[in-house]
Each structure stands twice: as C-alpha cells, then as structure tokens.
Amino acid sequence: MTTAQALPEFFTRVPTLQRAETMHQYWGDRCVNLEMFVFSFMNTFNEAYNGGYWDLNITSNDALYMSLSTDEPVRLVSPLNYADETMSADAAGLVLTIYASSYGMHKFPEDAYLLETYDKLMEVVGDHPEASKIYRLLD
1384 MTTAQALPEF FTRVPTLQRA ETMHQYWGDR CVNLEMFVFS FMNTFNEAYN
1434 GGYWDLNITS NDALYMSLST DEPVRLVSPL NYADETMSAD AAGLVLTIYA
1484 SSYGMHKFPE DAYLLETYDK LMEVVGDHPE ASKIYRLLD
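Residues in the sequence shown are numbered consecutively from 1384, following my numbering.
No wet-lab data here; the hints were simulated from the structure. For every residue, glycine included, the Cβ atom is placed at its ideal position computed from N, Cα and C. Hints may contain errors.
[Unchecked claim] Cβ pair distances, simulated, as ranges: (1) Pro-1456 - Asp-1412: 26 to 36 Å; (2) Phe-1393 - Glu-1455: 10 to 20 Å; (3) Glu-1404 - Thr-1469: 28 to 38 Å; (4) Thr-1453 - Glu-1493: 32 to 42 Å; (5) Leu-1400 - Asp-1522: 17 to 27 Å; (6) Leu-1400 - Asp-1467: 34 to 44 Å.
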C-alpha cells in the first residue's frame, strides 16, 4: 500500500479510510470472521480487555494483521501453554492474528486467504524485535 504511513521497518499502518477495502483485499469474504476471531482471542488471553480501537498493519512480506491501538504494554496469558508475556500492542496483535488465522483455517479450510495470512505472519515472527515473547506464546 503506497498511501499507508510507514512505521518501524517491520510493518506499515493502513490508513483509517482504507481499512474495510484492505481487510477484504487481504482476507476476502472471511474478513469479518477473522476480525471477530482476533477479538475473541484477545478476550481469552487478556482478562482485563474490554474493547478498544484496533489498527491494521501490513508486514514487510505483505501480510495483514491487527494490533490494539495503544502505546501501553499488553499482557497476554496463554491458556494453551501458560506463557505469560507483557509486550507491545504490535507484538500482541501479531500473536492474536496468528491464532485467529490458524483457527480460521480449520473452520474454513476452503479459504486460501487464511492459510496465506498464517504462513506469511509466521515467516516474519523471527524478524520482530519481540520475537522471543511471540514464540513463547505460540509454542
């Protein structure tokens, strides 16, 4: 996206007015489902979560993910492996979007957008400044 605001080398933020178009471009007809899955995983991983505005970001390898729009650290506790990590909203959003796309792949196996999102996000985790925390939550 050429009109998006450039942020740290890891991702580009999608402008507000391009959110709906971008979500459909990257996630197809399942974009609303994937968005709801992200919110649901946030509720599961963070008991204190009570809603908020979410940003859309595009990674360096052209994958879309969501992140809570805050400068405050976000605590995620995995009910799957009991990892307990406090990280940036960006890193937390990456974790949650990976979980959401994985869940979506199993729920809608015919949808290639979800598999592509999962694969591309997993490819860039190692490049993220908080990779070790992300991997602990994904393990």
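Evaluated hints:
For the pair Pro-1456 and Asp-1412, the supplied restraint of 26 to 36 Å holds, since their beta-carbon distance comes to about 34 Å. Distance hint for Phe-1393 and Glu-1455: a CB-CB separation of about 19 Å, consistent with the stated range 10 to 20 Å. One distance hint, 28 to 38 Å for the beta-carbon pair Glu-1404 and Thr-1469, holds here, with the actual separation near 33 Å. Thr-1453 and Glu-1493 have their C-beta atoms about 35 Å apart, which keeps the hinted 32 to 42 Å range intact.
Remark: the range hint 17 to 27 Å for Leu-1400 to Asp-1522 is contradicted by a beta-carbon distance near 38 Å. At roughly 37 Å, the beta-carbon separation of Leu-1400 and Asp-1467 lies within the given 34 to 44 Å, and the hint holds.
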